[in-house]
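Q: Given chain Z, put chain U in place with the hints provided.
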Amino acid sequence: MVDKKRPVNLDIGTIKLPITAYVSILHRVSGVATLFAIAIFLWILDQSLASEQSFQDVSNILSYPLAQFLIWGSLVALVYHTVAGIRHLIMDLGFGEESFNSGRISAWVSVGVAVVLIAVVTGWIIL
Amino acid sequence: MMSFLARFTHTGPSDWIIQRITSVIMAAYLFFLVGYLLANPSLTYGQWAELNSLLAMRLFSLVTISAVAYHAWIGMWCVLTDYITVRLIGPKADGLRKSLQAGLGFIILSYMVWTIKILWGL
Numbered sequence: 000m001v002d003k004k005r006p007v008n009l010d011i012g013t014i015k016l017p018i019t020a021y022v023s024i025l026h027r028v029s030g031v032a033t034l035f036a037i038a039i040f041l042w043i044l045d046q047s048l049a050s051e052q053s054f055q056d057v058s059n060i061l062s063y064p065l066a067q068f069l070i071w072g073s074l075v076a077l078v079y080h081t082v083a084g085i086r087h088l089i090m091d092l093g094f095g096e097e098s099f100n101s102g103r104i105s106a107w108v109s110v111g112v113a114v115v116l117i118a119v120v121t122g123w124i125i126l
Numbered sequence: 000m001m002s003f004l005a006r007f008t009h010t011g012p013s014d015w016i017i018q019r020i021t022s023v024i025m026a027a028y029l030f031f032l033v034g035y036l037l038a039n040p041s042l043t044y045g046q047w048a049e050l051n052s053l054l055a056m057r058l059f060s061l062v063t064i065s066a067v068a069y070h071a072w073i074g075m076w077c078v079l080t081d082y083i084t085v086r087l088i089g090p091k092a093d094g095l096r097k098s099l100q101a102g103l104g105f106i107i108l109s110y111m112v113w114t115i116k117i118l119w120g121l
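Here the protein sequences line up with chains Z and U, keeping their order.
If you're matching positions, the first sequence starts at 0 in numbering that gives the first Met the number 0 and goes up one per residue.
If you're matching positions, the second sequence starts at 0 in numbering that gives the first Met the number 0 and goes up one per residue.
Hints in this document: simulated from the structure, not taken from any laboratory.
Please read all numbers here as calculations on a predicted model, not as lab measurements.
Be careful, since some hints might not be right.
Beyond 12 angstroms from chain Z on every Cβ pair, some chain U residues (computed) [to be verified]: (1) Thr10; (2) Arg19; (3) Ala26; (4) Pro90; (5) Arg96; (6) Gly120.
Among chain U residues calculated to face chain Z with C-beta under 7 angstroms, some are [stated by the list, open to error]: (7) Ala38; (8) Ser41; (9) Tyr44; (10) Asn51; (11) Ala71; (12) Val78; (13) Tyr110; (14) Met111; (15) Trp113.
Built from N, CA and C at the ideal position, the CB exists for glycine as well.
Excised from the complex, chain Z in its bound form (with noise of 0.2 angstroms):
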């Protein structure tokens, strides 16, 4: 039987979390994000080729405020869940040897390499 007087607590939102924990919840939601960035990805790439005066056009959609959030957006969905793939590979090809501590310095390091990569993203888009 199960002993009803045990303490559980099964509420995520008052349980510290550590690092590997929000990039892994991040690799989600980016995920998710990425999907839906794919359909702007691709109405770039239709207008793109459709002719030399749609390509011009394409090309200079970042002047809309509008037009730049949301590529701003799909861009940082798309490297934040490249990076913490691309993380998830390495680990899959066996270095760190799935300790919890080289876990979560690789965690650290997708955090700054993702910080680092947006912020180019953005510098790209704003300059």
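A: Coordinates of chain U only, in the frame set by chain Z:
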């Protein structure tokens, strides 16, 4: 290999390996595109259209969008079966989850059809 890849049943090991194979394909495509755009900062329509008219490039794009489709299908299944559950949101969860998965499947297939239309001008 093909019958292995063609299975849509969710067995953990096959989903696991498909998720990784597709991610390598997508990463290769992304790195190629970023590299190409960095190497051609003043890209013209002519260059861009020529690249995307190459059969090899069209096939690369087609393989990549197929990888996206498979990867997203598995990924969304994982997310939906974790959060849209009877335990978390009640008895309507199963129907809702299946509807969402079907809707996402439609979106994913639309991406594939759209890509083929863009690249083969159908």
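Q: The structure should be examined with respect to each hint, and the outcome stated for every one.
A: Results for each hint:
no., hint, verdict
1, Thr10, "holds, 18 angstroms"
2, Arg19, "violated, 6 angstroms"
3, Ala26, "violated, 6 angstroms"
4, Pro90, "holds, 20 angstroms"
5, Arg96, "holds, 14 angstroms"
6, Gly120, "violated, 9 angstroms"
7, Ala38, "violated, 16 angstroms"
8, Ser41, "violated, 11 angstroms"
9, Tyr44, "holds, 4 angstroms"
10, Asn51, "holds, 6 angstroms"
11, Ala71, "holds, 5 angstroms"
12, Val78, "holds, 6 angstroms"
13, Tyr110, "holds, 6 angstroms"
14, Met111, "violated, 10 angstroms"
15, Trp113, "holds, 5 angstroms"
Going through the hint list in order, the structure does not satisfy hints 2, 3, 6, 7, 8, 14.
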